[in-house]
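There are 2 protein chains.
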Amino acid sequence: MNGARFSAIYRVRCDASAIDARARAIATEQSVEMPLSAIDDESILRDIAGAVDSIDDLGQDLFEIRIGLSIATVGGDAGQLLNMAYGNTSLHEDVVLHDLVLPDALEEAFGGPCCGLPGLRERLGLPERAFTCSALKPQGLPPDRLAELAERFALGGIDFVKDDHGITDQAYARFAERVPAIAAAVRRAVTVSGHATRYVPNLSGDLGQMQRQLCIVRDEGLEAALVSPMLAGVATLRALVRDWPDIIFFAHPTLGGAARISPDLLFGKLFRLFGADAVIFPHFGGRFGYSAETCRRLARNAMAPNPRLRASVPVAAGGMTAERVPEILDFYGRDVMLLLGGSLLQARERLTDVTLAFTESVAHYPRGHDDG
Amino acid sequence: MNGARFSAIYRVRCDASAIDARARAIATEQSVEMPLSAIDDESILRDIAGAVDSIDDLGQDLFEIRIGLSIATVGGDAGQLLNMAYGNTSLHEDVVLHDLVLPDALEEAFGGPCCGLPGLRERLGLPERAFTCSALKPQGLPPDRLAELAERFALGGIDFVKDDHGITDQAYARFAERVPAIAAAVRRAVTVSGHATRYVPNLSGDLGQMQRQLCIVRDEGLEAALVSPMLAGVATLRALVRDWPDIIFFAHPTLGGAARISPDLLFGKLFRLFGADAVIFPHFGGRFGYSAETCRRLARNAMAPNPRLRASVPVAAGGMTAERVPEILDFYGRDVMLLLGGSLLQARERLTDVTLAFTESVAHYPRGHDDG
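Going down the list, the protein sequences come from chains Y and A. So in my numbering the end of the first sequence lands on 368, straight run, no missing numbers. So in my numbering the end of the second sequence lands on 368, straight run, no missing numbers.
It is worth saying that the hints were derived from the structure and are not from the lab. Every residue, glycine too, gets a C-beta built ideally from N, C-alpha and C. Be careful, since some hints might not be right.
Pairwise CB distance ranges (calculated) [to be verified]: (1) A/L352 - Y/G(-1): 24 to 30 angstroms; (2) A/R346 - Y/G(-1): 45 to 51 angstroms; (3) A/D16 - Y/V188: 22 to 28 angstroms; (4) Y/R214 - A/R346: 42 to 48 angstroms; (5) A/P138 - Y/R183: 53 to 59 angstroms.
A few chain A positions that, by computed beta-carbon distances, are all more than 10 angstroms from chain Y [what the hints assert, rightly or not]: (6) S13; (7) I51; (8) R125; (9) Y168; (10) T232; (11) Y286; (12) E319; (13) R330; (14) R344.
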């Protein structure tokens, strides 16, 4: 048996007198899940049972505990990593999975993005500036209307235009009709704009359905796709990354229940580990309540130098406006993608113009900042 | 466009002065996800945009809001139902998805369990009493040791013996070696005990890997399998139920983060809707903090009479002991499965005896209750 460990760091709200027992209980729950007294195999007690490495009192009945868990139990399966790190413990209301510290071997086993930030910079021929992205909405529109929107976004020089994550394979916009229609519209626009806008269709359903959707993506000559790992299962993301190494995968945070798993861990670290090239998350000050500090840590996790994992592109989204471009780029630097959806769509007939203003303010940053 | 709706019921902690705007924001977030002012298509505003149906003040800054959402947006995809009901809103810390009220058409589209409670009663030839189940643990044991445990459980007359949900396809107990070894051990025991114990292997990885695992399950003549829908993705569960209608699927609650989605909704109602024949959940008074009321509602949801959906078997688990059998059966009645793991394994060399005592106390209930 291999005794190598990874560390799971939890934040537990509990009475000081109970924290020692609580930490031991979590270590057991997340490993052997049975009374240690009932285990007679020494190698399991030594190598497999979780161990409490440290307990820090953060004050006000909040504790940070660090548990060592066996990497042999993960077996190279993405779902199983989440299962071991937080499976049953997620059912306790007072425990948040705060962070994971993974040994090199585990990072190598998963391997991270195939393309990632460096691949995106190379494929798009954009060595320096931030990337831009928008979203096709609202759901309910038929394929021709979505295609028309995509065309206008592309005429505005956007880098990526993605399906809203709610656009799946509904009767009013079947994947097999929608994706070719939108792809054709974007191709038309690109011949006009001269800028290689990429359309990012949203994958949905089970793995088999997603594989068939990716055949359409490939047949249309598209290079990217959107997946929701917490809906689809993280093992589904891994399987897609493994089978489609040339596709740029965007990960959507939906159902991330991020208050229970730290967003910087789940979106910044784990989605990257499992192979997302770009990870979408709500930037602070928009529709969601993330703090600046959470967003900073998330972006840092997505891009932390790592010889085993390509960086993922942090995609700041969630109620952004074009006016905020300089502020957001001041905050993240240029290694970021900005995703504006509703605020561009609100311009209605002026959509191409406001998209152009958005893409130019990103292209000309920091000049636009100094001017404006 | 079809204007039919389902209802999502949320509990929101918020200031009374803000709840109206908050409810409208959730209705928009979970449907069109863009400013309504930017939508010019009347049919989308009428049929697709979410509508606030009611807001109830529960006191102490807690509100229950009911939002009508379009069933056309779901498109028959299990993942998409969760996406529409709670996707982005799960990222808000102060909103819990409390319940869903689904129209008949949506229930028919998903279809629920193939076997369910009535099928289990028929296949096992057990028209009346509660079912019994135990778990193979700890992970780290090699296949022969797991097989030995399974054999002893089977000699104790247990109905089902399942893999621990942490036992997947690790190097020390590969699925392809473990499952045949355990299946053979259980077959041996059954010839001795005369009771048809069923082994329930745990599926893991992506859908393709699970399909290959189920081929082994079938080849071994096994009838049941365990799946973790929140790890695998609910669409993965649906695909398995569709492709393997003869398999009895147990659903494990791991990663259910049940404090954010009501457990009675997620495990009792949705896992049933998506086809789990038996749903495992932590019974109150064990290792997890669920209330009696939560467990009662969960079991009620799993079994509520429904002409479109077979009932799922509620499987009470999570730190139960044999002494509690009468109390638990008093609470649930006989339409339940009792899952005892660690408390039986703690008996070590007396495992078969204590399993026998457990299975007999269930078989003889309520007599054992009156006697004891």
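Earlier hints that do not hold, by number: The structure breaks hints 1, 2, 3, 4, 9, 10, 11 and 14; every other hint is satisfied.
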